[in-house]
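Throw the hints in and build the complete structure from the sequences for me.
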Amino acid sequence: MFKKFKISVERETGKKLKCIRIDNGGDFLRKIGAYCRENLIGYQRSLRFTGVAERMNRAFVERVNCLLLDGQLPESFWREALSTFVHVLNLSPCVSLQHEVPEMIWSGKNVSYDHLRVFGCKAFVKSQ
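Under my numbering, residues 1221 to 1348 are what the sequence shown spells out, in order.
FYI, nobody ran anything at the bench for these hints, they're computed from the structure. One should not assume that every hint holds.
[To be verified] Computed cross-link-like contacts, DSS-like style, restricted to lysine-lysine with a CA-CA straight-line distance of at most 30 Å:
{"#": "1", "residue 1": "K1224", "residue 2": "K1235"}
{"#": "2", "residue 1": "K1236", "residue 2": "K1329"}
{"#": "3", "residue 1": "K1329", "residue 2": "K1224"}
[Stated by the list, open to error] Label pairs and their in silico Cβ distance ranges:
{"#": "4", "residue 1": "E1232", "residue 2": "L1260", "range": "16 to 22 Å"}
{"#": "5", "residue 1": "N1259", "residue 2": "C1286", "range": "35 to 41 Å"}
{"#": "6", "residue 1": "V1306", "residue 2": "A1343", "range": "21 to 27 Å"}
{"#": "7", "residue 1": "K1238", "residue 2": "F1297", "range": "35 to 41 Å"}
{"#": "8", "residue 1": "E1258", "residue 2": "F1297", "range": "38 to 44 Å"}
{"#": "9", "residue 1": "E1295", "residue 2": "Y1263", "range": "31 to 37 Å"}
{"#": "10", "residue 1": "A1343", "residue 2": "Q1318", "range": "35 to 41 Å"}
From the three backbone atoms N, C-alpha and C, an ideal C-beta is built for every residue, glycine too.
Written out as structure tokens, the structure reads:
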């Protein structure tokens, strides 16, 4: 699984993956840690029992559920709502990045917000 992620990141950026930040969970840490050591990739571990990953997961679930409720969509659209939320999150300024936009840092290009629409909107205005 991680090998596919590494290859994808390197292809997309054209740069070698140097370091990742991972959860401090036991099984996950052993598998990823071994892979990182074999491939000379540095890794930083989060503090144990901080609940950061759990809080982030909870925040994602809550926001995705809000999108579905607001758009009056059934639970079968959960995957699309999650994808939309993550996309918008990556286009939003981030405090940990000194208020930079993650997508801009990742791609090195200015981001556009012209394509954004209300989630669950049944019709779009066609511009000429």
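Status of the hints after comparison with the structure:
no., hint, result
1, K1224 - K1235, "holds (15 Å)"
2, K1236 - K1329, "holds (19 Å)"
3, K1329 - K1224, "holds (25 Å)"
4, E1232 - L1260: 16 to 22 Å, "holds (20 Å)"
5, N1259 - C1286: 35 to 41 Å, "holds (39 Å)"
6, V1306 - A1343: 21 to 27 Å, "holds (24 Å)"
7, K1238 - F1297: 35 to 41 Å, "holds (37 Å)"
8, E1258 - F1297: 38 to 44 Å, "holds (40 Å)"
9, E1295 - Y1263: 31 to 37 Å, "holds (35 Å)"
10, A1343 - Q1318: 35 to 41 Å, "holds (39 Å)"
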